[in-house]
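Fit chains Y and F to the known structure of chain G by using the hints.
For the record, the sequence lines run as chains G, Y and F. FYI, our numbering numbers position 274 of the first sequence as 902, with every residue one higher than the one before it. FYI, our numbering numbers position 26 of the second sequence as 30, with every residue one higher than the one before it. FYI, our numbering numbers position 16 of the third sequence as 18, with every residue one higher than the one before it.
Keep in mind the hints are simulated off the structure, nothing from the lab. Treat each hint with caution, since some may be false.
Stated by the list, open to error - Here are some of the chain F residues that sit facing chain Y, going by a computed Cβ distance under 10 Å: (1) Leu-16; (2) Leu-25; (3) Phe-31; (4) Asp-33; (5) Arg-85; (6) Ile-102; (7) Ser-116; (8) Leu-118; (9) Val-130; (10) Ile-146; (11) Leu-177; (12) Pro-181; (13) Ile-193; (14) Phe-253.
What the hints assert, rightly or not - If you want a taste of the chain F side facing chain G, the calculated C-beta under 8 Å gives, among others: (15) Asp-157; (16) Asp-166; (17) Leu-167.
Here a beta-carbon is modelled for each residue, glycine too, at the ideal position from N, C-alpha and C.
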Amino acid sequence: MRDTSPPPPIITLEGVEKYYGDYHALRGISAEIGQGEFFSLLGPSGCGKTTLLRAIAGFEDISQGRILLDGRDMEGVPPNKRPTNMVFQSYAIFPHLSVAENVGFGLRKSSLSAEEKKTAVGEALEMVGLGGYGTRAAHALSGGQRQRVALARALILKPKVLLLDEPLSALDKKMREQMQTELRRLQRQVGITFILVTHDQEEALIMSDRIAVMFEGEIAQLAPPQELYRRPATRRVGEFIGMMNFLPAEVQGAQGDLVEVDVAGLGRAKLAQDQCPMGAAGKASIGLRPESLTLLFDGQGAERVAAGTVDEVTYYGDMTYYDIQLDGAPGVVSVSMRNMPGRRVLERGDRADLAWDPRAMVLFC
Amino acid sequence: MGLSTRLRRAARTESARGLALVSPPLFYALLMLAAPLGTILLFSFWTQDFLTIDRTFTLDNYREALSDPLYGELLFRSLRIAGAVTVVTVLLAFPIAYFVSFHVRPDRKSLWLFLITIPFWTSYLIRVFLWRVILAFDGPVNGTLMGLGIIDEPLSWILYNANAVVITLAHAFAPFAILPIFVSLERIDRSLLEAARDLGENRVMTFLRVTLPLAMPGVLAATLIVFIPTIGDYVTPRLVGGSGGTMIANMIQTQFMRLNNAPLGSTLAVIAMLSVTVISVALILLTRRWTRGPR
Amino acid sequence: MRGGGLKTYAVIYLIFLYAPIVLLPLFAFNDGTIIAFPLQGFTTHWFAELVRTEALIEATVNSLFIAVVTAILATCFGLFAARAGTRHRFPAKAGIMGFIMLPLVLPEIIVAVSLLVAMLQVGLSPSVWTVIAGHVLICTPFAIAILNGSFANMDNSLEEAAIDLGETQLSTFRLITLPLVMPGIIASLLICFTISLDEFIIAFFLSGNEPTLPVYLWGQLRFPGRLPVIMALGTILVALSILLLITAEYFRRRGLRRAGLKDTGGFL
Chain G
629 MRDTSPPPPI ITLEGVEKYY GDYHALRGIS AEIGQGEFFS LLGPSGCGKT
679 TLLRAIAGFE DISQGRILLD GRDMEGVPPN KRPTNMVFQS YAIFPHLSVA
729 ENVGFGLRKS SLSAEEKKTA VGEALEMVGL GGYGTRAAHA LSGGQRQRVA
779 LARALILKPK VLLLDEPLSA LDKKMREQMQ TELRRLQRQV GITFILVTHD
829 QEEALIMSDR IAVMFEGEIA QLAPPQELYR RPATRRVGEF IGMMNFLPAE
879 VQGAQGDLVE VDVAGLGRAK LAQDQCPMGA AGKASIGLRP ESLTLLFDGQ
929 GAERVAAGTV DEVTYYGDMT YYDIQLDGAP GVVSVSMRNM PGRRVLERGD
979 RADLAWDPRA MVLFC
Chain Y
5 MGLSTRLRRA ARTESARGLA LVSPPLFYAL LMLAAPLGTI LLFSFWTQDF
55 LTIDRTFTLD NYREALSDPL YGELLFRSLR IAGAVTVVTV LLAFPIAYFV
105 SFHVRPDRKS LWLFLITIPF WTSYLIRVFL WRVILAFDGP VNGTLMGLGI
155 IDEPLSWILY NANAVVITLA HAFAPFAILP IFVSLERIDR SLLEAARDLG
205 ENRVMTFLRV TLPLAMPGVL AATLIVFIPT IGDYVTPRLV GGSGGTMIAN
255 MIQTQFMRLN NAPLGSTLAV IAMLSVTVIS VALILLTRRW TRGPR
Chain F
3 MRGGGLKTYA VIYLIFLYAP IVLLPLFAFN DGTIIAFPLQ GFTTHWFAEL
53 VRTEALIEAT VNSLFIAVVT AILATCFGLF AARAGTRHRF PAKAGIMGFI
103 MLPLVLPEII VAVSLLVAML QVGLSPSVWT VIAGHVLICT PFAIAILNGS
153 FANMDNSLEE AAIDLGETQL STFRLITLPL VMPGIIASLL ICFTISLDEF
203 IIAFFLSGNE PTLPVYLWGQ LRFPGRLPVI MALGTILVAL SILLLITAEY
253 FRRRGLRRAG LKDTGGFL
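This is chain G alone, in the form it adopts within the complex (with noise of 0.2 Å):
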């Protein structure tokens, strides 16, 4: 995992605004991407994680605050200038040039000789797996392959930052899957700090150190992967990231540390401070990952138990999904088991017992 000091920031956004005519794209945005940081911007399309990305390249100009690079302020600075370097949504192979080609593009006004040259660019072929496939033709490519190239363009020139728009929206599940695991490696391999844009939630789970999740221009939150998904700060950035069930819960008080709540259906609950992320007062909700919510079979005990009907099922081999009437309680709940050996499939209109855990909860007022 990461250190506990945090890297020094290679970026740093100062309350970056960005306005097309009235409409307002970026509201705000602070924050700092650390050396070497495997770095996300999540959030539905139209939140202006693409903006704010052009804006760091230089294709945007920001209408209002600072974008340091490297300690530098890049106001004025034409991308040609700027020591990052971008993947494309669509990849941007240059069509009428050799896979060779493209990937060397970068390196017409470098100093170094044809020789050397040609060296980077079949190094940073192996690099991405296409050694070998320089005298290609740009357009006889798969899309998995004009990633690499694209990949090996950008890199070749050693940026401080990697910029990458979308790069496995265009790939097919299992492709995307495999690059997944292979951005990941590559970005430790060379060391560079790695932006990353997506709308796939999982993608940017499974791939970052950190994620700042966007919506309306904003940053709604900005936390690595694990507390991003336990401890969402709002409820919004909960429904997005993950499914996460919601329900009525009043605030009875506070005992020292501890908020007491009462859950609809579900009873009374101590919750810690940081399950509180926006303050502890009157009507709220809880929030409540479906597989923090266990079925009881057959006699088993816990804690904590509360009683509902089975109101549909939803079978997808290793996990079955239930929607759970609670007694008590307005909707339904969905709660998640793993198909383990021996253990039964419910059906809907069963009555069923489940267990839950205070530790699992985020209040939302």
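Below, chains Y and F alone, put in the same frame as chain G:
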């Protein structure tokens, strides 16, 4: 943030760059199109006094153009002929566009379009002249028809009148009508037609209720793109129109080159343009109403 | 309507379209002074006479000069406008682009007389240059239409990628944009050349005593005895137009292939 930074950011905006790029052709069009059209408009309010231009503002030209039955008749004949040309051209073109879009293999489509456009790129003058040869008294049309025994004596109604103008112009503007209709037909999602069939309509009704309404923008574009230039055609009426087929453009030319009356010529040009504009706008509005309005 | 009936109709329509062009060489090689059937016999006499006509050669030189200059200027304007139209957003864009495209639908007689009046007003006398001015105006919309296709087919991020990899705006244009748009540029040059070479009305009004080929041709149509020579000239012109067109189409398709795209249609 400093002023210079703001200015630099403003200069790099999308709009500034776009306007800078478009300015050379825009200035050219302003200089060579807007300014001359403005000059014509000015001239139409002046009068010719033998060899000099009298620059006092007057509506005399318009009065003359509107009161003299000769000009009115020429204008109406031009509109009538252009209207007939447009109807004939678009009606003839639609099945071709439909055929290429729906019945030609996708990889053959561009070959068909290429074949259709080739004649259009060859010398207009020569094409029109050849129609005079084809339609002539002793031309191949009459020759073939008489040879087959269909007619006893040469048809006289096919040359040196409005019919000849319509035939020739329908030929000249064919690709202009076919291409827009083809494009709009190509844009129709084929599953819409399957959906209509699936919902119980037969071929003909599917065509009438789905294909035709969706192709209307193309038909409208074709109509305008044929109608507008046809009004101002000069060569065809002169070569095949005879005296009954002359149009407003011939009169405009006469005013400018023969009678040396530029102001009256300008007035006729302005009136012709105005009528074209009014008719075009009316057509656009009518089609909008028909395709989008309440049923 | 079924495909079979439509196909028959399409073939008849094509015959209608090609009828005049097919007749042209028939009369050009016909050994008779009257343009009518029946044909008299084969001769190349009319072609030989073409070369001996001095006025014709002058008109040809004028036409070629006008067509070359027009093609270059119109294509340059087309590049600017197509680039702005496909890549940038700016105020009143639809209006500005529509205005530049206007000569495409404006009756040519209007363009011709208004240019004539305006030029006489500022004291320019008709010459090959005034014809060029008019031809550039009517060719630019065609250049824009062709180049629009080239620019629209080109992925936006290709240029951004080149800049991202350290190239300047200028070197990006040279290394990426130009090679990818080149087939469109060539097609545009050829089409504008062809249009200018065939254009009559504007040249008729604006050429003064420097006639172009079509203007010369128009003058000759009055003399029945000259008609076979005109047919020979027309044959050459039509053959040249078709040759240029096929070349333009070839480059357009090559451009599509280079960009790795499927063909979707012809010009316009």
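Each hint, compared with the structure:
This hint holds: Leu-16 of chain F has a C-beta 6 Å from the nearest C-beta of chain Y, less than the 10 Å allowed. Of the supplied interface hints, the one on Leu-25 of chain F holds, with its beta-carbon coming within about 6 Å of a beta-carbon of chain Y, less than 10 Å. With 10 Å as the threshold, the beta carbon of Phe-31 of chain F stays out of range of chain Y, its nearest partner Cβ sitting at about 15 Å, so the hint is violated. Using the Cβ-Cβ criterion of 10 Å, the hint placing Asp-33 of chain F at the interface with chain Y is not satisfied: the shortest such distance is roughly 17 Å.
Taking 10 Å as the C-beta contact cut-off toward chain Y, the hint placing Arg-85 of chain F at the interface holds, the least distance being around 6 Å. With its C-beta approaching chain Y no nearer than about 5 Å, Ile-102 of chain F sits inside the 10 Å limit, and its interface hint holds. For Ser-116 of chain F, the interface hint holds, the least distance from its beta-carbon to any beta-carbon of chain Y being 4 Å, beneath 10 Å. Residue-level restraint check for Leu-118 of chain F holds (minimum Cβ-Cβ distance to chain Y is 7 Å; threshold 10 Å).
Nearest Cβ of chain Y to the Cβ of Val-130 of chain F: about 16 Å, over the 10 Å cut. The hint is violated. The closest approach between the C-beta of Ile-146 of chain F and any C-beta of chain Y is roughly 8 Å, which is under the 10 Å cut-off, so the hint is satisfied. For Leu-177 of chain F, the interface hint is violated, since its Cβ never comes within 10 Å of a Cβ in chain Y; the closest pair sits about 19 Å apart. Because the beta carbon of Pro-181 of chain F sits about 20 Å from the nearest beta carbon in chain Y, more than 10 Å, this interface hint is broken.
Taking 10 Å as the C-beta cut-off, the interface hint given for Ile-193 of chain F holds, the closest approach to chain Y being about 8 Å. A hinted interface residue such as Phe-253 of chain F counts as satisfied when its beta carbon comes closer than 10 Å to some beta carbon of chain Y; here the least separation is about 13 Å, so the hint is violated. Nearest Cβ of chain G to the Cβ of Asp-157 of chain F: about 5 Å, under the 8 Å cut. The hint holds. Hint on Asp-166 of chain F holds. Least Cβ distance to chain G is approximately 5 Å, under the 8 Å limit.
Satisfaction of the interface hint for Leu-167 of chain F is found here, the shortest Cβ-Cβ separation to chain G being roughly 3 Å, below the 8 Å cut-off.
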